[in-house]
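Note that our numbering has the sequence shown beginning at 1, numbered continuously upward.
What the hints contain is simulated information worked out from the structure, not anything from laboratory work. What you are looking at is a predicted structure, and each value in this text was computed from that prediction instead of being measured. Glycine included, C-beta positions come from ideal geometry on N, C-alpha and C. One or more hints might be untrue.
[Stated by the list, open to error] Derived DEER-like restraints, expressed as beta-carbon distance ranges: (1) A14 <-> D56: 51 to 57 Å; (2) A14 <-> E60: 24 to 30 Å; (3) G57 <-> D2: 31 to 37 Å; (4) G70 <-> N48: 49 to 55 Å; (5) I97 <-> I11: 36 to 42 Å.
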Amino acid sequence: MDKKNFRFFGIFIALVVVLSIYFVLAVAGPTDLTFGDNTTANYDKEGNFTVNWSDDGDAESYLIYIGLNGTVFITDNNNSATGYFFTNTTDGNYSFIVEETNDTTSA
């Protein structure tokens, strides 16, 4: 193997190692999403409810995407807890995506 090919091979291996480390250390994301504050099947009884999740320890903040009747929008960045309290909501079918973020990645 000549010197030029050896250098290319070394750079390629170093790149593979760096990318592997990046993906291993990437944020795993929140788990155990729960929906609460209501005791009946009518989850919008008074327009207030809470969404909670578990943290894997790497999050600096969370983005909460809310879907209402097919339209998706984002709440403010939640950087204080593993839950979010919603007030004055309207009747509808809600869905949620919680995205964990830190300095370099989101999951």
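Tested hints:
no., hint, in the structure
1, A14 <-> D56: 51 to 57 Å, "violated, 29 Å"
2, A14 <-> E60: 24 to 30 Å, "holds, 29 Å"
3, G57 <-> D2: 31 to 37 Å, "violated, 48 Å"
4, G70 <-> N48: 49 to 55 Å, "violated, 23 Å"
5, I97 <-> I11: 36 to 42 Å, "holds, 38 Å"
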